[in-house]
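Colleague: In order, the protein sequence lines correspond to chains A and B.
Taking my numbering, the leading residue of the first sequence gets 10, the next gets one more, and so forth.
Taking my numbering, the leading residue of the second sequence gets 655, the next gets one more, and so forth.
Take the hints with a grain of salt, since some may be wrong.
To be verified - Simulated restraints on C-beta separations:
hint, chain 1, residue 1, chain 2, residue 2, range
1, B, H797, A, E35, 37 to 43 Å
2, B, Q755, A, H273, 56 to 62 Å
3, B, Q671, A, H273, 55 to 61 Å
4, B, T738, A, P168, 39 to 45 Å
5, A, H273, B, A668, 42 to 48 Å
6, B, T658, A, E252, 34 to 40 Å
7, A, E235, B, E686, 57 to 63 Å
Claimed, not checked - Chain A is nowhere near these chain B residues, computed Cβ spacing over 12 Å in every case:
hint, residue
8, G667
9, S669
10, L679
11, S716
12, D739
13, D740
14, C756
15, G757
16, T794
17, H797
18, Q809
19, T811
Rather than coming from a laboratory, the hints here were simulated on the basis of the structure.
Backbone N, C-alpha and C define an ideal beta-carbon position, used for all residues, glycine too.
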Amino acid sequence: MIPTEFDYAAPESLDDALWLLGEGGEETRLLAGGHSLIPLMKLRVVVPTKLVDLRKVPGLDGMQREDGSWRIGAMTVHSELEHHPDLGLLSRAASTIADPQVRHCGTIGGSLAHGDPASDLPAVLLAAGGSVSAQGSGGPRTIEAADLFKDYMTTSVAPDEVITAVHVPALDGYGYGYQKFNRRAEDWAMVAVCALVYARDGVCEDVRVGLTHMASTPLRATAVEEALRGQPLYAGSIAEAAERAADATNPPGDLNATPAYKRHLARVLCQRALTEAAGLS
Amino acid sequence: MSATVPVRITVNGASHQLDVEPRRLLVHALREELGLTGTHVGCDTSSCGACTIHLDGVAVKSCTVLAVQCDGREVTTIEGLGSTDDLHPMQEAFWEHHGLQCGYCTPGMIMAGVDLLNRTSQPSESEIRHAIEGNLCRCTGYHNIVKAIQAASGQQTEATSQARDEVQA
Chain A
10 MIPTEFDYAA PESLDDALWL LGEGGEETRL LAGGHSLIPL MKLRVVVPTK LVDLRKVPGL
70 DGMQREDGSW RIGAMTVHSE LEHHPDLGLL SRAASTIADP QVRHCGTIGG SLAHGDPASD
130 LPAVLLAAGG SVSAQGSGGP RTIEAADLFK DYMTTSVAPD EVITAVHVPA LDGYGYGYQK
190 FNRRAEDWAM VAVCALVYAR DGVCEDVRVG LTHMASTPLR ATAVEEALRG QPLYAGSIAE
250 AAERAADATN PPGDLNATPA YKRHLARVLC QRALTEAAGL S
Chain B
655 MSATVPVRIT VNGASHQLDV EPRRLLVHAL REELGLTGTH VGCDTSSCGA CTIHLDGVAV
715 KSCTVLAVQC DGREVTTIEG LGSTDDLHPM QEAFWEHHGL QCGYCTPGMI MAGVDLLNRT
775 SQPSESEIRH AIEGNLCRCT GYHNIVKAIQ AASGQQTEAT SQARDEVQA
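Let the sequences and hints guide you as you build the complete structure.
Modeller: The structure is reproduced here in structure tokens:
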């Protein structure tokens with residue numbers, strides 16, 4: 010399978026990348042790791058006239074902790090997240106993306122910009138309350154995760170903007186769990202659930218739960234969070250809260266899973282993820 | 655539209671200047687322009703891992719990388735690991751432990767195995783199985799592949815200790 014013809018540029022500055030993006034018109038696409046874009050181009054589902062490769066643009070790499078939050082360069086690949094010792098849930102979720110070869114190429118910025126509701130990192134960013142920095146012709150701006158994912162593979166990043174960095178609160182002291190159901194390593198999640206729990210003296214002081222592939226965007230399982238926040242943490246309270254994981258969701262069915270089966274998976278995986286996050290497994 | 659673009663790629667230690675269309679996939683540039691047909695095209699959808707090579711020292715699937723993305727970078731293919739007269743320890747271990755039947759997945763498996771040992775010198779069986787999640791083999795059931803990678807890491811496998819016992823007996 011061979012993509013249609015396109016022009017290619019590998020600018021060496023963000024200004025040049027933004028200029029190329031603006032000048033090239035609607036069918037110009039940014040290329041990061043290429044592991045979502047190139048497969049779609051080979052299938053000719055996406056037919057860009059020009060690719061602007063970000064790999065030579067300085068300032069899009071590296072991870073630093075700043076004011077209780079991690080700043081992660083948009084071109085950071087999944088394997089760097091996976092092997093970082095202090096990223097907790099993000100590291101864990103990244104380690105489940107496809108396989109080692111894919112994790113050596115795919116990037117956090119590319120994955121979030123692609124906005125696939127079946128991919129692992131969007132729900133993690135949403136649950137952690139993170140954000141992205143984007144830069145476009147109108148200057149830099151911050152987009153909160155809650156405002157980023159608009160619809161199926163549609164984000165609020167404008168066509169002339171580049172995601173430059175991802176910000177993820179460190180959430181020190183939170184336990185975390187990540188549970189994904191798929192048939193083979195390379196498959197996307199039928200459903201995945203991420204959980205973050207802050208407990209003191211056996212009581213759940215804060216909880217965040219993110220759902221993958223339960224809608225056209227990642228979701229927060231707010232009903233679960235409300236049911237568990239302030240409650241003592243034990244198997245019974247977790248099971249009761251997890252029963253609400255599919256509340257107010259309308260998951261799309263596909264070849265792998267019907268909507269009813271996805272709702273079942275969400276409840277089961279939510280219970281496991283919360284149990285793991287509470288340190289009770 | 656889309657004139658060819660000059661790229662310079664170091665492949666197995668030798669520098670090559672190529673003129674490629676931007677849409678040229680790395681696997682096709684390696685096989686068709688450089689004649690390095692040891693890298694196979696299997697599924698062509700970044701699932702099967704038959705096209706695994708090393709790019710700047712780490713395993714990637716060359717069916718999902720554009721040749722233009724490799725300008726100024728280093729590629730190692732199966733041909734760069736060893737030769738028929740001087741096999742790489744991973745190749746030797748695949749031979750010794752019957753880690754292949756039809757051989758189609760083998761170059762990718764070996765490149766994935768070497769990549770694992772570059773990161774983790776003494777992997778457990780579970781780590782080996784996770785590390786080859788991106789490589790599909792339809793013949794062997796993976797058992798001997800796992801053994802071969804374990805042996806290449808210098809760890810004694812059940813099979814090698816049994817063979818030694820038999821020789822000694």
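Colleague: All the hints need checking, so say for each whether the structure fits it.
Modeller: Hint check:
1. B:H797 x A:E35: 37 to 43 Å: 51 Å Cβ-Cβ, so the 37 to 43 Å window is violated.
2. B:Q755 x A:H273: 56 to 62 Å: With Cβ atoms ~39 Å apart, the hint is violated.
3. B:Q671 x A:H273: 55 to 61 Å: The hint (55 to 61 Å, Cβ to Cβ) holds, given that B:Q671 and A:H273 are roughly 57 Å apart.
4. B:T738 x A:P168: 39 to 45 Å: For A:P168 against B:T738, whose Cβ atoms are near 53 Å apart, the range 39 to 45 Å is violated.
5. A:H273 x B:A668: 42 to 48 Å: 56 Å, violated
6. B:T658 x A:E252: 34 to 40 Å: Given about 60 Å between the Cβ atoms, the range is violated.
7. A:E235 x B:E686: 57 to 63 Å: For A:E235 and B:E686 the Cβ distance comes to about 59 Å; the hint holds.
8. G667: 21 Å, holds
9. S669: 19 Å, holds
10. L679: About 7 Å separates B:L679 from the closest Cβ of chain A, which leaves it inside 12 Å; violated.
11. S716: 9 Å, violated
12. D739: For B:D739, whose nearest Cβ neighbour in chain A is about 29 Å away, the distance exceeds 12 Å, so it holds.
13. D740: 26 Å, holds
14. C756: Holds, since 21 Å exceeds 12 Å.
15. G757: 20 Å, holds
16. T794: Non-interface label on B:T794 holds, nearest chain A Cβ at 17 Å vs cutoff 12 Å.
17. H797: Consistent with the label, B:H797 stays out of reach of chain A, its closest Cβ about 18 Å off (over 12 Å).
18. Q809: Check passes; 20 Å lies beyond 12 Å.
19. T811: Holds, since 22 Å exceeds 12 Å.
Of the numbered hints given earlier, the model fails hints 1, 2, 4, 5, 6, 10 and 11; all others are met.
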